[in-house]
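Residue numbers (the working numbering), protein chains in the order written: chain X, 11 to 298; chain S, 101 to 430; chain H, 33 to 266.
To be clear, the hints were calculated from the coordinates, so they are not data collected in a lab. Predicted model, so just to flag it, every value in this text is computed and none were measured. It cannot be assumed that every hint is accurate.
[To be verified] So these bits of chain S aren't anywhere near chain X, every CB distance computed over 12 Å:
(1) L106
(2) V130
(3) G151
(4) H212
(5) K261
(6) V263
(7) L318
(8) I411
(9) A416
[Stated by the list, open to error] Facing chain X, according to a computed beta carbon distance under 7 Å, are these residues of chain H, among others:
(10) Y43
(11) G99
(12) G109
(13) A122
(14) L123
(15) E127
(16) M131
(17) L135
(18) A137
(19) T141
(20) L203
(21) R204
(22) F206
Glycine residues also receive a C-beta, built at the ideal position from the N, C-alpha and C atoms.
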Amino acid sequence: MIDPIFLAEAAVNGILLGGVLALLALGLNLIFGVLDIVWIAYVDLVMLSMYLVYFLVMVYGWPIWLGALAGVGLGVVLGVLVHVLIITPILDSPPINQLLATGGLLFFIQSFATFLWTTDHRSVRLTLPIIEVGGMFLSFARLVAFGLAILAMVGLYLFLTRTYIGTAIRAVSQDRGAMALMGADPQRVYIVTSAVGGAMAGVAAALLSIQYSVHPHFGAAFGPITFMICVLGGLGNMVGAFIAAFIMSEIISVGGVLWSTEMGYVIAFALFIVMMFARPGGILARRQ
Amino acid sequence: MSPGRLLALAVLVALAAAPFVPMGGMRQYVLHVVIQIFIWSFIGQAWSLMGRFGLVSLGHGAFLGVGAYTTTLLWNFYGLTPWLGVVAAVLLAMLLAFVVAYPCSRFGITGHYFALVTLAVGEVIRLLLIAERDWTGGSLGVTLRAPGSDASLLAIQYADKRVFYYGGLALWLAGLWVWARVDRSMARSAMEAIGEDETAAASVGIHVTRFKLGITMLSAGLTAIGGVAYAQYIAYVNPETLAGIGVSLRIVFAVVLGGMYVLLGPTVGTALTIALSEYLRVVFGVKFIGMAETIYGLLLVIFIIFLPAGIYGSVAALLRRRRVPAAAPA
Amino acid sequence: MLALHEVTAGYGHFTALWAVSLRVERGEAVAVVGPNGAGKTTLLRVISGVIAPRTGTLAFESTPLTGRPPHEVVARGIAHVPEGRRLFPALTVAENLRMGAFLPAARRTFAETLERVHALFPVLAERRQQRAGSLSGGEQQMLAIGRALMSRPKLILFDEPSMGLAPVMVLRLFDLIRKIREEGYTILIVEQNVRQVLKLVDRAYLLEVGRIRMEGRADELSEQDFVRKAYVGL
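Let the hints inform the model, and build the full structure from the sequences given.
And the structure:
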């Protein structure tokens with residue numbers, strides 16, 4: 011029998027993981043909602059930002075907060091570059107080509123990272139304490155990451171509801187063509203969206219780099235779960251993605267303690283597949 | 101005989117005779133590369149059966165893994181010959197395909213959603229293979245139990261690569277045949293209508309579900325055979341090379357690079373990617389690990405943007421266009 | 033103010049407009065009438081830049097407009113109330129109106145324009161915080177028009193504004209459009225409701241299978257036997 015305290019600890023860790031996963035899923039979902047494209051290489055962009063944070067902090071001795079800011083900055087730049095260089099030329103191609111193009115980008119980033127930095131795992135070592143709460147041992151780094159992830163999501167929410175361009179982004183995700191008739195240059199809206207999505211990737215990178223070591227296959231480890239969360243929540247549905255992130259992270263975390271890490275993921279993916287059939291539009295969608 | 105057929109015959113004869121051409125010390129290596137091209141082209145053809153109809157699977161590694169592990173485990177644990185094991189492998193893969201594809205077509209899961217569902221399936225299989233480490237050896241993989249002699253028909257294990265060469269050749273030709281059959285059959289026009297427009301196809305009375313299922317199961321079964329062939333040849337299976345996203349995407353890329361709408365597209369794409377990675381490996385050695393994939397990841401992006409029909413597909417289309425006005429009488 | 037010269041346009045292999053020439057003078061209200069599939073919607077889409085003409089030219093206020101993208105056309109002062117309204121259903125009424133004033137110039141005068149729109153359509157002020165998707169058909173049409181007015185256009189294009197509305201609502205709608213006219217906007221309207229629209233406009237064009245069949249003053253046109261029989265239903 012498993013000590014209930016371990017389960018409780020796993021459940022709390024699940025929530026903490028869910029915060030960062032939600033951030034990733036929201037960034038990806040924002041882009042999907044506006045552009046109708048799933049960036050398969052999204053988490054690989056996160057990985058690149060994590061490398062930047064690692065090198066700045068561990069090799070060049072930058073303070074972590076400055077390294078993290080640089081990571082966010084790189085995220086923005088990468089988001090815009092992906093849109094301008096890869097997505098723009100194929101905006102009107104069949105969706106599958108867009109999926110494959112970003113898949114090619116995934117391959118490129120992953121292998122180029124292997125080539126440049128080898129498959130070594132590199133971690134930003136911060137001496138952050140482990141906190142004991144009622145018999146549970148929780149990592150301070152995770153708590154901080156969770157708090158900042160929630161903060162970033164609140165920021166995203168305010169951006170989308172309180173600013174002009176943010177409202178325009180939501181409008182475009184409802185009707186692309188109509189927004190052009192309002193005098194908005196779609197390309198401009200797309201670039202802002204990609205930049206914001208990239209910024210979310212950068213924030214996630216900074217938060218992940220204090221919890222996990224980075225390696226070229228980091229994207230492959232976190233990518234699939236991120237897509238599953240987006241689809242489970244309903245592609246383009248931000249609230250759904252937020253909820254789905256916590257469902258998935260709980261399953262992974264608790265399942266990992268009850269069986270094994272792999273089984274935790276297997277159950278999460280299996281649930282995803284079943285949910286896909288039960289509610290293809292995502293957990294919040296009304297049944298047709 | 102038309103010049104086209106004559107050329108095909110000449111290529112076939114050359115391929116059949118190739119293992120006996122003196123190549124100095126290179127023979128083993130060349131055979132090794134060509135066998136891989138045969139097997140992966142076959143797998144690519146299997147994938148393109150679905151891909152060309154808009155059923156883009158990013159989880160074909162699942163079928164590959166199911167195939168390879170089924171025969172390997174049956175042989176290792178029960179001594180069941182892969183000749184029978186492959187039947188079980190194909191049935192299992194088709195069952196898996198059915199379980200995934202039936203609800204997908206029933207509930208209208210297409211496009212992105214279909215791709216992501218299959219991606220999840222691929223991950224489930226890869227993770228299961230790792231999780232069941234008592235049987236599968238986890239991420240370290242399993243070696244096929246040696247049959248005790250250099251040549252065993254029962255175990256399909258041969259020290260002489262030429263056996264696998266001819267086996268691979270036969271497999272590849274069979275794959276081409278299936279592709280051409282599907283292309284010609286009634287299913288073709290029906291499926292194309294589906295690829296173009298789901299609702300239009302449904303309204304003219306085509307049973308969307310049945311066609312999608314049939315093609316998906318066929319593709320899965322063939323892919324499983326490809327997995328078995330690869331496992332028999334390498335005599336070793338592991339979850340990373342035979343399941344999961346990496347290999348699934350690699351299959352897709354090779355096909356897209358060559359062109360998924362033409363008979364020889366998957367072959368050309370596979371040959372190019374394998375040749376490229378072998379070339380880079382020979383020239384740069386292991387020091388430049390990852391360079392080959394870097395280049396073809398980049399190539400792939402460039403291709404999708406500028407030449408979405410693939411290399412061979414674009415060349416073929418160009419040739420057709422030039423031939424048509426020439427053939428028309430003035 | 034707006035001049036189309038021999039514009040041919042279509043989608044793919046299909047040609048929807050054949051050498052159409054049309055003029056709208058400042059302060060005028062002009063209608064384009066015709067049966068379903070005559071190319072009326074295509075005509076408006078060409079003007080607002082959604083599709084580019086294959087041949088022919090467009091000019092607005094004596095400067096060429098041919099092949100300009102929609103957002104530039106809006107910036108020049110042409111607002112489009114599209115077919116089917118095309119509101120942002122999940123956005124509130126207020127947010128929809130805000131999006132209408134996306135242009136920098138329109139944003140500067142936002143408060144003042146909003147007041148005018150609210151004066152024209154008081155219901156939009158009442159329903160400010162409601163989602164656009166939850167409005168009734170008539171209210172949605174008002175919002176679509178209000179949203180177009182927010183860009184402070186000189187010319188407004190209406191595409192089948194009466195479509196899908198109850199007969200009572202249609203009468204109110206035409207009253208509102210008349211009011212908008214009186215405020216000095218130039219109007220180009222496409223309608224199937226020929227009888228009503230001919231009462232509203234100064235001039236009209238009859239479009240059939242992509243060609244202009246007839247043009248003239250609205251009152252003259254509605255007297256033509258051909259039009260009466262075919263469209264006005266008298």
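Worksheet item: Would the hint on A122 of chain H stand, with a C-beta cut-off of 7 Å toward chain X?
Response: At 6 Å from the nearest chain X Cβ, A122 of chain H passes the 7 Å test, so the hint holds.
Worksheet item: Is the Cβ of K261 of chain S more than 12 Å away from each Cβ in chain X?
Response: holds, 28 Å
Worksheet item: Is the nearest CB of chain X more than 12 Å from the CB of H212 of chain S?
Response: violated, 5 Å
Practice prompt. Let me know if the C-beta of Y43 of chain H comes in closer than 7 Å to any C-beta of chain X, holds or violated.
Written response: violated, 14 Å
Fill in: Least C-beta distance between V130 of chain S and chain X, which was stated to exceed 12 Å
holds, 25 Å
Fill in: Interface exclusion of G151 of chain S relative to chain X, criterion Cβ beyond 12 Å
violated, 8 Å
Worksheet entry | Interface restraint verdict for G99 of chain H against chain X (beta-carbon cut-off 7 Å) | Result: violated, 15 Å to nearest chain X Cβ.
Worksheet item: Would the least Cβ to Cβ distance between V263 of chain S and chain X come out above 12 Å?
Response: It holds; V263 of chain S is separated from chain X by about 33 Å at its closest Cβ, greater than 12 Å.
Worksheet item: With 7 Å as the cut and Cβ atoms as the points, is F206 of chain H at the interface with chain X?
Response: Violated, about 22 Å.
Worksheet entry | Agreement of hint E127 of chain H with chain X interface, Cβ distance less than 7 Å | Where the cut-off is 7 Å and the nearest Cβ of chain X is about 5 Å from E127 of chain H, the hint holds.
Discussion item. Please check whether M131 of chain H passes as an interface residue: C-beta within 7 Å of a C-beta belonging to chain X.
Written reply: Where the cut-off is 7 Å and the nearest Cβ of chain X is about 5 Å from M131 of chain H, the hint holds.
Discussion item. A closest beta-carbon separation below 7 Å is what the hint needs, so does G109 of chain H meet it against chain X?
Written reply: violated, 10 Å
Violation of the numbered hints given earlier is confined to hints 3, 4, 10, 11, 12, 18, 19, 20, 21 and 22; the remaining hints are satisfied by the structure.
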